[in-house]
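Participant: Now for the letters of each chain:
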Amino acid sequence: MSAETTITAEKARATSGKPRTTSWQRKEMLTAWTFLLPASLLLLIFLIIPFFMAIYFSFTNQTLIPGPIPTEFVGFRNFARLLQDDTFHRALLNNFLFGIIVVPVQTTFALSLAILANQKIRGIYVFRTIYFSPVVTTIAVISVVWSFLYNPDQGLINHFLKSISFGHIPNLQWLNDVHLALPAIIIMSIWQGVGFQMMIYLAGLQSIPDSLYEAARVDGAGRWKQFLNVTLPQLRNTTIFVVIATTILAFKLYTQVAIMTQGGPENATITSVYYLVQQGFSELHVGYASAIAVIFFLIVLVISILQRTIIKEEGQG
Amino acid sequence: MAVTVRQQISARKRSTPRKLAWLIGNYILLVILAIFFLFPIVFMVVSSLKSNEEQLLSDLSSLKAFIPYGTISLGNYSGVFARLPFGQYMFNSVFIVTMIVVFGLFVNSLIAYALTRMNFPGRRLMLAVMIALIIVPFESIAVPLLLMVNNLPWFDGSTTWIDSYQVQIIPFIADAFSIFLFYQFFIGIPKELEEAALVDGASRFRMYWRLIVPLSRPVFATVAILQFLTHIGDFLWPLMVTTGDTFRPLMIGLQVFFGQQPRSWGEIMAFASMITIPILIVFLLFQRWFMQSVASTGIKG
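Those protein sequence lines, which keep their order, are chains U and E. According to our numbering, the first sequence is numbered sequentially starting from 1. According to our numbering, the second sequence is numbered sequentially starting from 318.
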């Protein structure tokens, strides 16, 4: 596919027997580099170099502000410390818990919403728009509004639970409760993110050819059978994408925590990125933070490679 | 023919009550879900209009929380303006995001065009690097980047980028995923169009500007919307690089306001509404584009 991009005009010159106009080629090359330069330079300076800096710093005791101790190479000391750092373990565990709940729940919810919103009935566009609207409401705003909803004494959610249980559910402490803080953030994150996945599933549903359903109907398959034998297999790659993207997002969890709980109570909601920022930015331990960043990057890398291999296998098989 | 039509009609008649029940059930479900997705947003806007904080709090125990009544005014809104430079935050956010989107569209589409259409040594390597860069999460480079921009000079003679517009704009202009989206779209445009122009002696830039850009409006819209959605909500980076109100965007302003004691929920909800309502309006105006953009991220991986 990409080999074809060679300009045919150039080919025509070469095959017509005339000597190649090197001045044309030189000009083309020059233009190419002018087109490439701005974006490449920006990516180099603001993405590639910092990336290698992170790897380098992870082996040093670099600080954010030059301190009394000179920066020196410390080998794997940062990584060895991470292995024994309970806060870091807690952060990884929280990311993991967040992912293991959000991924299946949000994916199932998104697929159900997409199927509902894919019906050809009056007003469906209005509902689609409504379900999507939390996605365009920024996460910082949502975190603030939901902090209010979760407020133990004044919050709407406690009042609601009390009235539907006729007062049997006591005042829950939500964001102040060690056991409820993470679930509270999980519920809110699903509410905000599910519309995005719904749209991706909707596109997937609409790309399934009608003929497949017709064939299934001829075979006497009911709605449920059609769903199991046509819809689900056809949505395989969409599902892999949604699952992987949500998993990566679970590891990037930050803003909600920074606004709603600051990692508390008792580290119940601390996450890798929150801990990374805390170490690098508040504690000024750039070396240590970089070691967290490297681990964090490796996790995201493994997840991404996993996705690519699964999809490739499908393409070959 | 006539028989089948009659059969169909009678079949439809027979199933009408069942179908109607199914339809009503369907709508009930759709409406319940709509309430679930809308209630926090409605609650936010309604609360922002209640300038009597005591009433606002006492209403929370019932459905009154969703009804704008009592002392309805824009008092909370003027309260926000009195306590914070809201206009400045708003300007900063709009300016930063606009710059990222506009420069980003140009720079990223230009490199994608060269990668699709032009022949130069290292093209395939460069393409591979671009795709690899999509994976690098910003969170993993934030701290070294902070260290770097802390010591970068700028044209006005300052020796740091901390507390500036450029520190919130320039690092985000080039974006590997945007380049990838442009690349995928450009590769689908037939080459014959350009070959004709090439024979006529048109320059490469002219071809890009006059041919490719007009043909690629959908992908430009997609990239613009995705970049807008990402960067309007940026939180981590502005928190690290801004120290005062002058360059602070809305989200950081909101967090600062949220942290101030004593908390006035009415004013906080007014602040949140003033961020959300303009974005929702933009979304409603271009909703078809928004939804298509999001959908298009899923097909690739």
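Derived by calculation from the structure, the hints in this document are not laboratory data. Be aware that one or more of the hints could be misleading.
[As the list claims (entries may be wrong)] Within a straight-line C-alpha distance of at most 25 Å, the following computed SDA-like cross-link-like pairs (lysine to any residue) qualify:
1. U:K27 / E:L528
2. E:K336 / U:I121
3. U:K225 / E:Y344
4. E:K336 / U:A216
[Claimed, not checked] Covered by chain U, according to a simulated footprint, are these stretches of chain E (three or more residues, beta-carbon under 8 Å):
5. 356-368
6. 545-553
7. 578-586
[Unchecked claim] Estimated spans, in silico, between C-beta atoms of each pair:
8. U:F79 / E:T415: 55 to 61 Å
9. U:R217 / E:T415: 26 to 32 Å
10. E:T547 / U:T22: 55 to 61 Å
11. U:V126 / E:T415: 57 to 63 Å
12. E:L510 / U:T22: 50 to 56 Å
Quick caveat: nothing in here was measured; it's all calculated off a predicted structure. For each residue, glycine too, the CB sits at the ideal point set by N, CA and C.
Participant: All hints, please: hold or fail.
Facilitator: Structure-based check of each hint:
{"no.": "1", "hint": "U:K27 / E:L528", "result": "holds (20 Å)"}
{"no.": "2", "hint": "E:K336 / U:I121", "result": "holds (12 Å)"}
{"no.": "3", "hint": "U:K225 / E:Y344", "result": "holds (24 Å)"}
{"no.": "4", "hint": "E:K336 / U:A216", "result": "holds (22 Å)"}
{"no.": "5", "hint": "356-368", "result": "holds (count 5)"}
{"no.": "6", "hint": "545-553", "result": "holds (count 5)"}
{"no.": "7", "hint": "578-586", "result": "holds (count 3)"}
{"no.": "8", "hint": "U:F79 / E:T415: 55 to 61 Å", "result": "violated (42 Å)"}
{"no.": "9", "hint": "U:R217 / E:T415: 26 to 32 Å", "result": "violated (51 Å)"}
{"no.": "10", "hint": "E:T547 / U:T22: 55 to 61 Å", "result": "violated (44 Å)"}
{"no.": "11", "hint": "U:V126 / E:T415: 57 to 63 Å", "result": "violated (30 Å)"}
{"no.": "12", "hint": "E:L510 / U:T22: 50 to 56 Å", "result": "violated (26 Å)"}
This entry does not satisfy hints 8, 9, 10, 11, 12, going by the numbered hints stated previously.
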